[in-house]
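Please model the complete structure; the sequences and the hints are all you need to start from.
2 protein chains.
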Amino acid sequence: MDLPDCNDFFENSQKPDNFDSVRCAVEDFVKKHIDQDRNIVLVTSGGTTVPLESQTVRFIDNFSIGTRGATSAEYFLSSNYAVIFLHRKGSLKPFQRHFQHINFLDILLASGDDVIVQGDQKSRVHSILSQYDHVKSSELLLLVEFTTLGEYLYNLRAAAQILRSAQKRAMLYLAAAVSDFYIPAGQLPKHKIQSSDGALTISLQLVPKMLRPLVSSWVPNAFVTSFKLETDPLLLVPKAKQALKTYKHQVVIGNLLERRKFEVVIVTQDVERWFHLTEVEQKTGVEIESRLIDILTEMHNQFMEPA
Amino acid sequence: MDLPDCNDFFENSQKPDNFDSVRCAVEDFVKKHIDQDRNIVLVTSGGTTVPLESQTVRFIDNFSIGTRGATSAEYFLSSNYAVIFLHRKGSLKPFQRHFQHINFLDILLASGDDVIVQGDQKSRVHSILSQYDHVKSSELLLLVEFTTLGEYLYNLRAAAQILRSAQKRAMLYLAAAVSDFYIPAGQLPKHKIQSSDGALTISLQLVPKMLRPLVSSWVPNAFVTSFKLETDPLLLVPKAKQALKTYKHQVVIGNLLERRKFEVVIVTQDVERWFHLTEVEQKTGVEIESRLIDILTEMHNQFMEPA
Chain A
1 MDLPDCNDFF
11 ENSQKPDNFD
21 SVRCAVEDFV
31 KKHIDQDRNI
41 VLVTSGGTTV
51 PLESQTVRFI
61 DNFSIGTRGA
71 TSAEYFLSSN
81 YAVIFLHRKG
91 SLKPFQRHFQ
101 HINFLDILLA
111 SGDDVIVQGD
121 QKSRVHSILS
131 QYDHVKSSEL
141 LLLVEFTTLG
151 EYLYNLRAAA
161 QILRSAQKRA
171 MLYLAAAVSD
181 FYIPAGQLPK
191 HKIQSSDGAL
201 TISLQLVPKM
211 LRPLVSSWVP
221 NAFVTSFKLE
231 TDPLLLVPKA
241 KQALKTYKHQ
251 VVIGNLLERR
261 KFEVVIVTQD
271 VERWFHLTEV
281 EQKTGVEIES
291 RLIDILTEMH
301 NQFMEPA
Chain B
1 MDLPDCNDFF
11 ENSQKPDNFD
21 SVRCAVEDFV
31 KKHIDQDRNI
41 VLVTSGGTTV
51 PLESQTVRFI
61 DNFSIGTRGA
71 TSAEYFLSSN
81 YAVIFLHRKG
91 SLKPFQRHFQ
101 HINFLDILLA
111 SGDDVIVQGD
121 QKSRVHSILS
131 QYDHVKSSEL
141 LLLVEFTTLG
151 EYLYNLRAAA
161 QILRSAQKRA
171 MLYLAAAVSD
181 FYIPAGQLPK
191 HKIQSSDGAL
201 TISLQLVPKM
211 LRPLVSSWVP
221 NAFVTSFKLE
231 TDPLLLVPKA
241 KQALKTYKHQ
251 VVIGNLLERR
261 KFEVVIVTQD
271 VERWFHLTEV
281 EQKTGVEIES
291 RLIDILTEMH
301 NQFMEPA
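Taken in sequence, the protein lines are chains A and B.
Residues 1 to 307 in the working numbering are what the first sequence spells out, letter by letter.
Residues 1 to 307 in the working numbering are what the second sequence spells out, letter by letter.
Think of the hints as simulated: they come from the structure by calculation, not from any bench.
There's no promise every hint is true.
[To be verified] In silico DSSO-like cross-links for lysine-lysine, where the CA-CA straight-line distance does not exceed 27 Å: (1) LYS168/B with LYS283/A; (2) LYS122/A with LYS168/B; (3) LYS168/B with LYS32/B; (4) LYS122/A with LYS261/B; (5) LYS136/A with LYS89/A; (6) LYS261/A with LYS15/B; (7) LYS122/B with LYS168/B; (8) LYS136/A with LYS32/B; (9) LYS239/A with LYS209/A.
[What the hints assert, rightly or not] Sample of chain A residues at the chain B side, in silico, Cβ under 8 Å: (10) CYS6; (11) ASP61; (12) VAL135; (13) LEU140.
For clarity, every value in this text was computed on a predicted model and none was experimentally measured.
Don't be surprised by glycine CBs; every beta carbon is placed ideally from N, CA and C.
Structure below.
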């Protein structure tokens with residue numbers, strides 16, 4: 001089978017409208033944190049869409065709301081990393097994620113002319129707000145958005161190439177759920193697909209595996225972590241090992257759809273390390289990402305040590 | 001061509017997990033507002049998903065974030081309607097929608113032990129909060145969620161059948177963007193589609209048009225408004241008229257994808273009435289739904305008058 005070509009993909013996809021301003025923002029951010037001798041991680045998060053029409057009414061999406069990425073980004077920030085958060089528009093964001101399931105208006109109270117956060121939520125909001133304000137004033141977090149597969153890949157390539165200058169201090173933590181299949185722009189119908197025909201057949205092509213040029217040429221000295229999400233337990237570790245062999249990066253984090261909140265496996269060339277949260281830990285709100293980021297930052301430290 | 005059968009759809013789709021509790025909540029809500037001689041509108045909003053796998057990783061979705069539905073629901077509430085808001089989980093909601101593009105943490109300020117809304121946002125939040133609190137304490141708004149096409153259709157049918165008891169006082173305002181095509185449950189692959197095969201072909205079937213049984217049997221005396229969204233201007237009005245002829249309901253609201261924020265057409269058996277916002281109106285934040293709901297509530301009043 002011929003593998004699809006990465007350059008072909010970029011040549012046949014449109015650059016995001018705000019591409020130049022995103023690139024400038026990433027350059028400034030990376031330069032500043034290199035100057036401050038800080039480690040920098042690119043966290044990707046949320047799912048990419050694949051348009052089925054060129055004036056997009058319909059698209060293929062996946063279930064990711066970005067929990068893994070947004071949660072992990074917070075723990076990287078606590079570990080004093082600068083974080084470029086390349087995320088699906090509308091998906092969870094660090095700090096904000098804690099209020100995703102709350103209607104903001106339900107926790108506010110008019111008090112004379114003022115509007116205040118109500119009693120029972122106050123201390124929680126207070127604590128998250130103070131972490132958020134620290135990250136904001138220290139400029140430790142850069143938010144970059146995508147919606148479509150094309151936007152994601154353009155921004156990923158640009159950010160990775162810019163991170164090259166951070167050498168081994170750069171980590172890539174590729175938690176976004178990227179489409180495997182797409183319809184090339186030239187093959188998209190212009191108008192909304194009409195439904196009078198009784199049935200619809202959609203033909204999609206394989207998306208080129210960008211991990212290959214990412215590791216071999218865009219950012220060759222970085223510490224690269226990719227993810228595998230599967231529903232079939234028998235496929236998980238073999239597919240993780242296959243990915244490491246094919247792309248020659250450092251870590252694959254494997255997880256099963258149904259168990260991903262409390263169980264993950266860290267797979268490297270040499271070892272396969274499972275860990276999970278106990279029931280007590282789950283009930284008391286321990287997040288598995290706190291363990292995961294502890295281990296990864298430790299591995300990244302070893303990776304940066306002179307040989 | 002054989003039309004797909006509505007009963008077949010329900011027989012082959014699973015009921016939502018919370019179906020019984022939703023039905024009870026809708027029954028209580030409708031009974032209360034009938035007792036109070038209030039008009040009741042069922043607003044549907046946001047897009048339905050179509051799973052491509054039974055343990056759903058991927059699905060087909062559409063771009064709707066529910067702006068039309070959430071905005072319209074607010075104007076129905078201002079017109080003293082009770083509103084059942086059947087919406088896509090995570091899409092815009094009445095009142096909350098005003099803060100969708102704001103990071104809630106950016107407008108809060110720690111002030112001693114308290115957390116308060118900052119100066120420049122205070123009066124806006126104050127005003128929306130007071131409308132929200134009124135609607136909440138008067139129990140004028142019932143929120144019901146869906147994600148998949150199956151959840152939407154089960155809840156739609158139940159709510160419509162319950163609204164039957166409100167007779168002509170019931171309005172249905174079907175603004176949700178419902179999938180035209182789906183894969184029947186029995187034909188879904190169990191595990192995540194594997195990407196090693198180089199290409200992917202997805203075959204979908206037409207979704208039965210539920211407007212037919214809705215008008216003819218679920219809620220035959222209600223005032224029913226459906227929507228047509230098109231990208232091709234030449235198709236819009238002919239398709240709206242065709243829908244009225246086929247389903248025999250009262251109104252189709254037509255809109256074009258690119259112009260929907262400032263231009264809509266109300267199509268009935270007799271007339272076709274375009275209206276749009278001027279540039280000044282658009283700049284000063286006038287919402288086209290305020291006009292639309294004014295006209296529809298007036299039409300609904302005429303509809304309720306004894307012949």
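Status of the hints after comparison with the structure:
Simply put, LYS168/B and LYS283/A have alpha-carbon atoms about 49 Å apart, too far for the 27 Å limit, and the pair is violated. About 46 Å separates the Cα atoms of LYS122/A and LYS168/B, which puts this hinted pair outside 27 Å; it is violated. Note on LYS168/B and LYS32/B: the hinted pairing holds, with a Cα-Cα distance of about 16 Å set against a maximum of 27 Å. Of the pairs offered as hints, the one joining LYS122/A and LYS261/B is violated, with about 38 Å between alpha carbons and a cut-off of 27 Å exceeded.
Simply put, LYS136/A and LYS89/A have alpha-carbon atoms about 19 Å apart, close enough for the 27 Å limit, and the pair holds. Distance hint between LYS261/A and LYS15/B is fulfilled; the C-alpha atoms sit about 26 Å from each other, no more than 27 Å. For a cut-off of 27 Å, the pair hint linking LYS122/B to LYS168/B is broken: about 41 Å separates their Cα positions. Between the alpha carbons of LYS136/A and LYS32/B the distance comes to roughly 48 Å, so the proposed pair goes past 27 Å and is violated.
Note on LYS239/A and LYS209/A: the hinted pairing holds, with a Cα-Cα distance of about 14 Å set against a maximum of 27 Å. For CYS6/A, the suggested interface contact is broken, since its CB lies about 16 Å from the closest CB of chain B, more than 8 Å. Because the smallest distance between the Cβ of ASP61/A and any Cβ of chain B comes to about 4 Å, under 8 Å, the interface hint for this residue holds. Taking 8 Å as the C-beta cut-off, the interface hint given for VAL135/A is violated, the closest approach to chain B being about 10 Å.
Contact between LEU140/A and chain B, as hinted, is not supported at the beta carbon level, the nearest pair being about 15 Å apart and thus beyond 8 Å.
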